[in-house]
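> Chain by chain, the residues:
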Amino acid sequence: MRRLREDLHEIVREQIEFRELLVQMTARDLRLRYKQTIMGFGWAIFTPILNTLVFSLVFMRVAPVHTEVPYPLFAYCGLLVWNFTASSLRFATTSLTGNTNLVTKVYFPREIFPLAAVAVSLVDFAVAAAVLAGLMAHYHVGASATLLLLPAVLAVHVAFTASLALVLAMANLFYRDVKYLFEVILTFWMFASAVVYPVDAVHGTLGQLIRANPMTTIVEAYRRVILYGAPPEPVAFAAVAVFSLLVLPAAWLLFHRSEFRFAESI
Amino acid sequence: MNGPRVVFDHVWKQFTRGERHDSLRDFVPALVKRLTGRTATESSQAFWAVRDVSFEVREGEALGIIGRNGAGKSTILKLLTRILRPTRGARKVEGRTGALIEIAAGFHPDLTGRENVFLQGAIMGMRRREIASRFDEIVAFAELERFMDTPVKRYSSGMNARLGFSIAAHLDPDVLIIDEVLAVGDRAFQEKCQERMRRFRSEGVAIVFVSHHLPAVAQLCSQVLLLESGVATTIGSPTEVIAAYCRQAGAETYDDVTVAATLRASRHSGEVFDVESGERLKLDVALDFHVAVERAKIGIVVRDQTRDLYVYGASSDRVGIPPIRAARGETKRFTFAFDAHLTRGLYAIEVNVVDPDRHRFLAVARGIQQFHVVEQVSYDGVANLYLSGAPSGVRAEPVAIAR
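So the protein sequences, as listed, match chains A and B. With my numbering applied, the first sequence covers 113 to 378. With my numbering applied, the second sequence covers -5 to 397.
A couple of the hints might just be wrong.
Chain B stretches covered by chain A per the calculated footprint, using a threshold of three residues with CB under 8 Å from any CB of chain A [said to hold, decoys possible]:
{"hint": "1", "stretch": "74 to 84"}
{"hint": "2", "stretch": "90 to 96"}
{"hint": "3", "stretch": "99 to 107"}
{"hint": "4", "stretch": "111 to 118"}
Taking lysine-lysine pairs in the DSSO-like style, the calculated list, with each CA pair at most 30 Å apart, reads [said to hold, decoys possible]:
{"hint": "5", "chain 1": "B", "residue 1": "Lys276", "chain 2": "B", "residue 2": "Lys326"}
{"hint": "6", "chain 1": "B", "residue 1": "Lys147", "chain 2": "A", "residue 2": "Lys291"}
{"hint": "7", "chain 1": "B", "residue 1": "Lys147", "chain 2": "A", "residue 2": "Lys147"}
{"hint": "8", "chain 1": "B", "residue 1": "Lys326", "chain 2": "B", "residue 2": "Lys291"}
{"hint": "9", "chain 1": "B", "residue 1": "Lys86", "chain 2": "B", "residue 2": "Lys147"}
{"hint": "10", "chain 1": "A", "residue 1": "Lys147", "chain 2": "A", "residue 2": "Lys291"}
Since the hints were derived computationally from the structure, they do not count as laboratory data. Ideal Cβ placement from N, Cα and C applies to all residues, glycine included.
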């Protein structure tokens, strides 16, 4: 118990000491992308738009599904939310192993690496959200007062993503297979998260499994708050919120306690 | 604060040699093996990189750590900077710690100098405002005013190192941990770095300095620790420890002739003589021949220990000693004399015996005697040229004024 308190104290103290480094590392990664690629921030909207086109073709022409709002809007909103988690975790997984020089040579809280990966994706998320606003205007779907709940949904989403980011970055440092394994899981996970189809369309045990997936709840919560003018499903969302807020400190603590082995194991 | 800033209290560090299970492919079979009771013999692969090392550094003190490659110097640095954690023992570093290790480690090649200054500063724990307020100083110190908007990938390695050092030099540390940074940049910049570090020390910063560059260690440090295979074998004044290190480094064996030599000077303390610059020194040499020799000659070499510089070499045949002829088991004695027209520093005498017909050494006795030259005028160099000077009394020319 005492050790736990000391560790938590250290985590907080280090974050305060190095609070500006997270901003600098995030800025570094954004600047690099802007400099190294021609499209720069265009990539933030390119992927969800292209995916929306593909899934619109499938779910409007090939196998039409019923959605409360026009399908492209439905799909873009889901893909936007999903993309934030997917790209955060993809960057986070290699964030420690891709910065070997810093990990083995300089000391600062290593949490910065996966958290900066999440922060970079959050910026992309914001950029791509502008397109969502455009689509809403196009389809004459207006936002309602439930939009005020958006910060709560976002907070849960970020906490959930950050906990996984910490665990994956650490796991990939110790076992390099994690990166490949995670790529496979990611595709599977997207289809298990009701990103591109309405969850009500799936019945039976499969439907229940998909509902039990926290990402389904998070994606649905965004759609309800932004597009449907309804609050998130209270029970499911509260469960995910509690889960995320418990897992985040646990993941952080685990990460912090393994930190000193990073330089030896990388 | 009066307690020591840096404490290393009986620190041990163990590493595991060889491959670890870096991938699940290796790990899963290993796990299965362990579960089925077949134990892997991993503990035999463990080795101690640092064994029972203790030291303390207080405000305004500088500890130098020297030793051969693989002696454990870098491990100690990483333990100090919290990158590694000791297996046993405790280490304590109090106050804001600046680490000049791989000073350009945080640089990203695609970012400009300016962007990298802010990034690297943040990595070192500086606030953005702090960096911004010292930005001009940092750039001026690095002498890179014209290159701040150039991506770092276009920099030379010297420019890179200059910028890295400059950022670190403008940190406001209580403890400074330095690794080999002086090996970078040109001569003038190295001087500047050393000057900056001396200033840190006089400002009360506690310094730990790891280097192969012995003159820098001798100049900066108040105490020096010699590491051998992870063990701190000697800790003491720079002169003594550097002398011990040089003796250890020069231990080669040619055993056809055993050399004994005694230096005679006016003063001496322990193994190292204190000598006035220009003093005449006498060296008595006794050679025990284990082989019969037709024609041998003796070489006398003086080396600057701290700068690792060959200062002087001459041989017996040039000073009128005829070729030495000796039977097996015979002992021959000689006396040499020379004037130590040298600048301050630690010097070592090497006596070697050469068989010119067979082009080979019969004996090489490196660092057989050492002496420390005391002198106040010079600040660099090896040869004492006895600079003197006085104002020459010429009236100042009137300054021409343009009409």
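> It remains to establish, for every hint, whether it holds in the given structure.
Now the hints, each set against the structure:
1. Residue count for the stretch 74 to 84 of chain B with a Cβ under 8 Å from a Cβ of chain A: 5. That meets the three needed, and the coverage hint holds.
2. Counting residues of the stretch 90 to 96 of chain B whose C-beta lies closer than 8 Å to any C-beta of chain A gives 3; at least three are required, and the coverage claim holds.
3. As drawn, the stretch 99 to 107 of chain B meets chain A at 5 residues by the rule of a beta-carbon pair under 8 Å; at three or more, the given contact holds.
4. Residues of the stretch 111 to 118 of chain B with a Cβ under 8 Å from some Cβ of chain A number 5, which satisfies the need for three, so the listed coverage holds.
5. Distance hint between B/Lys276 and B/Lys326 is fulfilled; the C-alpha atoms sit about 17 Å from each other, no more than 30 Å.
6. Under the criterion of a C-alpha separation no larger than 30 Å, the hint pairing B/Lys147 with A/Lys291 is consistent with the structure, at around 29 Å.
7. Distance hint between B/Lys147 and A/Lys147 is fulfilled; the C-alpha atoms sit about 13 Å from each other, no more than 30 Å.
8. This hinted pair checks out: B/Lys326 and B/Lys291 have alpha carbons roughly 12 Å apart, not beyond 30 Å.
9. For the proposed pair B/Lys86 and B/Lys147, the alpha carbon gap of about 37 Å is over 30 Å, so the pair is violated.
10. Distance hint between A/Lys147 and A/Lys291 is fulfilled; the C-alpha atoms sit about 26 Å from each other, no more than 30 Å.
The structure is inconsistent with hint 9 alone, although it conforms to all the rest.
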